[in-house]
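2 protein chains.
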Amino acid sequence: MTLTEMSREQISAFKSECEKEYEEYKAMGMKLDMSRGKPGADQLDIAMPMFDVFTNAASMIADDGTDCRNYGALTGISDAKKLFGELLGVGTDEIIIGGNSSLAMMYDTVSRAVTHGVYGSDKPWGKCEKVKFLCPAPGYDRHFAICETFGIEMITVPMHSDGPDMDMIEKLVSEDEAIKGIWCVPLYSNPDGIAYSDEVVRRFARLSPKAKDFRIFWDNAYCVHHLTDTPDHILNILDECKKAGNEDMVFIFASTSKISFPGAGVAIMAGSVNNMKHTAKIMGIQCISYDKINQLRHVKYFKDVDGIMAHMAKHRAIIAPKFKMVLDMLDSSIGGLGILEWNKPNGGYFVSVNTLDGCAKRTVQLCKEAGVVLTGAGATFPYGKDPNDRNIRIAPTYPPLNELEAAMKIFCVSVKLAAAEKLLEA
Amino acid sequence: MTLTEMSREQISAFKSECEKEYEEYKAMGMKLDMSRGKPGADQLDIAMPMFDVFTNAASMIADDGTDCRNYGALTGISDAKKLFGELLGVGTDEIIIGGNSSLAMMYDTVSRAVTHGVYGSDKPWGKCEKVKFLCPAPGYDRHFAICETFGIEMITVPMHSDGPDMDMIEKLVSEDEAIKGIWCVPLYSNPDGIAYSDEVVRRFARLSPKAKDFRIFWDNAYCVHHLTDTPDHILNILDECKKAGNEDMVFIFASTSKISFPGAGVAIMAGSVNNMKHTAKIMGIQCISYDKINQLRHVKYFKDVDGIMAHMAKHRAIIAPKFKMVLDMLDSSIGGLGILEWNKPNGGYFVSVNTLDGCAKRTVQLCKEAGVVLTGAGATFPYGKDPNDRNIRIAPTYPPLNELEAAMKIFCVSVKLAAAEKLLEA
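In order, the protein sequences belong to chains A and B.
Residue numbers for the first sequence follow the numbering used here, beginning at 8 and rising by one.
Residue numbers for the second sequence follow the numbering used here, beginning at 8 and rising by one.
Note that these hints are calculated values from the structure, not bench results.
Any given hint might turn out to be false.
Identical chains blur together in the list; that is why a pair holds if it fits in one copy or across any two.
What the hints assert, rightly or not - Derived lysine to any residue pairs resembling SDA-like cross-links, with alpha carbons at most 20 Å apart: (1) K429 <-> T235; (2) K321 <-> G291; (3) K307 <-> M55; (4) K134 <-> G124; (5) K307 <-> S204; (6) K284 <-> F157; (7) K351 <-> T237; (8) K38 <-> S181; (9) K392 <-> R323; (10) K89 <-> T382; (11) K134 <-> E160; (12) K288 <-> A152; (13) K284 <-> E155; (14) K38 <-> D338; (15) K33 <-> I162; (16) K331 <-> R149; (17) K288 <-> Y390; (18) K288 <-> G383; (19) K178 <-> E26; (20) K38 <-> T73; (21) K288 <-> R149.
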């Protein structure tokens, strides 16, 4: 019997049981963090040999003769362009290797668009009366924060199981010239873990926006972050855009933050030659060069795409059991109660759940009071406002397995308690 | 006898001799670069032990327990704040440790001011009808490029031997609300090598700008880059601003680009707590954290300010002879001819020279045709336009000593040839 089918008495009894269990956990005074998609310490250990790749000064010379210890090579060393270009399926003239943060490359790209415009803009976005972005949601809170800080109006687009609502997107971009961009996490989307279908990618590539300087912000953050033997796969957006005659319409982003080290990885941006040249021109005012030693460190350690894939298999071995535990516990503890829906992602960093409407905030609050910090309810929507107050993002990677188990017990009972409260309130 | 005192016949004979010498050099087909302030390869070798400071994962934990391999610590690890705060004479809450580029921190600071305003702004600078910066010149071309890319109007301020013309600065900032900033390289200024006198620093600190959100951009790029036993010294601008009740008026910048590695060093920004908090708030939208592993690498290698000073002595041992050679050759080859003036800097990366009016471009062109690339004439002035066409920036550090000698021979004869041409033209 689902909770919604129960009588008030049955729900009350259910609630009492949950309260008892909850109070027991609370009394344990735990302090657990499942708020952000952070790798665990054991994952960070995997890439430690990366710090042994340099033997002497000569080992710091890149393939093209660049001394990585000195100024120069604004758009990245050729070795890194080759490696990461192959990873993303773009040419070495269609890629820029940046600093330690793809978020910074995204923020900077929007910032440049606001102050300078993008390739093909009539004027900087900041000189437009109104700028809007489409925001498939649930989505990544930091994408939305970039829009908010620049005063870009966000329009929420629903997510389906194969990607965002393309009918809505096609209609809106073709009608409204103020819509200048859209945020996408096309593979293992944050937080739903969805992969965009081939049809969705092709419809993106064929968009016919009213704004000639519209851009798709294609954050391929989880491009190699598989959790199963049968990983999801997405089409190459730049290839599809070229086929559709829209090659300047997309900015692609990726990083090694969750491959090597968060904060000490390498960030990547890709797109048409026009877009890369336009970007590099303004970027060259901002800095002389990024950290090429770190770029070369990555190239020497990974060697090639196979090296990256072999490395990712080690991450998977550590985090797949964590995802399994989360999903198993949801199944055994909440399955069949009809109060929670969730995805089983084939990759990425999150398990996204939907509570009964109006229960997400309360669930997160209950968890917090029992010592478990989750991503704030609403964070996965523009302006932090989930219209149905139901989506919660679970980030299973950071806590050790035993702590994760404890945290999930608290999470499950909190979901049940919040649902029972809600149903009794009605 | 100076060249200007000679008869036309004497100058013609002088010119013929120079031409002969110049053609001999030209025939040698050299390719030498003195265009940028880049360390030489031998300087980069000094800091190589920096890559041996980490022995294992535990060695990557900062003093405050932060695992430098993971996300977090947006404004820098406390160890680095302590070290570089001491270096700059600011508190650990008055500093942000950034990425690999102080230029990027300066660009980003201006960019944020344009899109968001600074602490205390009524509105973003980009919403003002007009924004102007004062630009002491000769100055750093990349500072000027930042203004130019954001459409900030530049007003040239003359440099004196103790710093920029403070009478002019005080008058302008007190009268014109559109003036929002000024670029300063207060110690061993780029390119003149001038140190701002105590009086100049105090007058800066006591400025009473009409624009309430006026900022001094204090690029202390060469704060420990001494060349002599009797180095220049400047007052602490933040202290002086505090005394004058103007503590929010200054942004301080520095980096280890010319201490450890250009492009793989650590950048630093400092200022009042208000300024740092305001900066960090927007910076936190741009990125999650900078490269803390590299921050800790620097702290572990240098240990303390004495460690930095000892390290800088090694740089000095390599580059002081290069500066000496440049100055000696100018003396022996051009001294007494009355066609070139130059500074003898006690530190920094440049020797700045002034030719006869109207001779800088021609001199640089002659050098180029003989295989020696200099910083473009005019680059040291806003919009690349030296009103007197006389300033040239010599960057002696990058070429090995023997190449520097060859380049300086070509430079000296080019100066003489250009001067003779000019005088005969009159």
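Hints and how they fare:
Taking CA atoms no more than 20 Å apart as the test, K429 paired with T235 passes in neither setting, with 36 Å inside one copy and 76 Å between copies. In this assembly of identical chains, K321 and G291 lie within 20 Å of each other by CA distance neither inside one copy nor across copies; the values are 37 Å within and 31 Å between. Taking the shortest Cα distances, K307 and M55 sit within 20 Å of each other both inside one copy (13 Å) and across copies (18 Å). Taking the shortest alpha-carbon separations for K134 and G124, both the intra-copy value of 9 Å and the inter-copy value of 16 Å come in at or below 20 Å.
Proximity of K307 and S204 under a CA criterion of 20 Å is satisfied in neither setting, with 34 Å inside one chain copy and 49 Å between copies. In the homo-oligomer, the alpha carbons of K284 and F157 lie at most 20 Å apart only across protomers (18 Å), although the nearest pairing inside one protomer, at 24 Å, exceeds that limit. Within a single copy, K351 and T237 get their C-alpha atoms as close as 13 Å, which meets the 20 Å cut-off; across copies the closest is 68 Å, which misses it. For a Cα distance limit of 20 Å, the shortest separation of K38 from S181 qualifies neither inside one copy, at 49 Å, nor across copies, at 55 Å.
For the homomeric pair K392 and R323, neither the shortest alpha-carbon distance inside one copy (32 Å) nor that between copies (58 Å) is at most 20 Å. Taking the shortest alpha-carbon separations for K89 and T382, neither the intra-copy value of 36 Å nor the inter-copy value of 32 Å comes in at or below 20 Å. Taking identical chains as interchangeable, the C-alpha atoms of K134 and E160 lie at most 20 Å apart whether they share a chain (15 Å) or sit on different chains (18 Å). Taking CA atoms no more than 20 Å apart as the test, K288 paired with A152 passes between copies only; the shortest distance there is 12 Å, against 26 Å inside one copy.
Taking the shortest alpha-carbon separations for K284 and E155, only the inter-copy value of 19 Å comes in at or below 20 Å, while the best intra-copy value is 27 Å. Within a single copy, K38 and D338 get their C-alpha atoms no closer than 24 Å, and across copies no closer than 71 Å, so neither meets the 20 Å cut-off. Taking the shortest Cα distances, K33 and I162 never come within 20 Å of each other, neither inside one copy (39 Å) nor across copies (64 Å). With identical chains, the CA atoms of K331 and R149 are never at most 20 Å apart, being 27 Å at best within one copy and 52 Å at best between copies.
Taking CA atoms no more than 20 Å apart as the test, K288 paired with Y390 passes between copies only; the shortest distance there is 17 Å, against 33 Å inside one copy. In the homo-oligomer, the alpha carbons of K288 and G383 lie at most 20 Å apart only across protomers (19 Å), although the nearest pairing inside one protomer, at 38 Å, exceeds that limit. Taking the shortest alpha-carbon separations for K178 and E26, neither the intra-copy value of 48 Å nor the inter-copy value of 71 Å comes in at or below 20 Å. When the C-alpha separation of K38 and T73 is checked against a cutoff of 20 Å, the pair qualifies only between copies, where the shortest distance is 17 Å, while the shortest distance within a copy is 48 Å.
In this assembly of identical chains, the alpha carbons of K288 and R149 lie at most 20 Å apart only when taken from different copies (13 Å versus 26 Å within one copy).
Hints 1, 2, 5, 8, 9, 10, 14, 15, 16, 19 from the list above are not met by this structure, while the remaining hints are.
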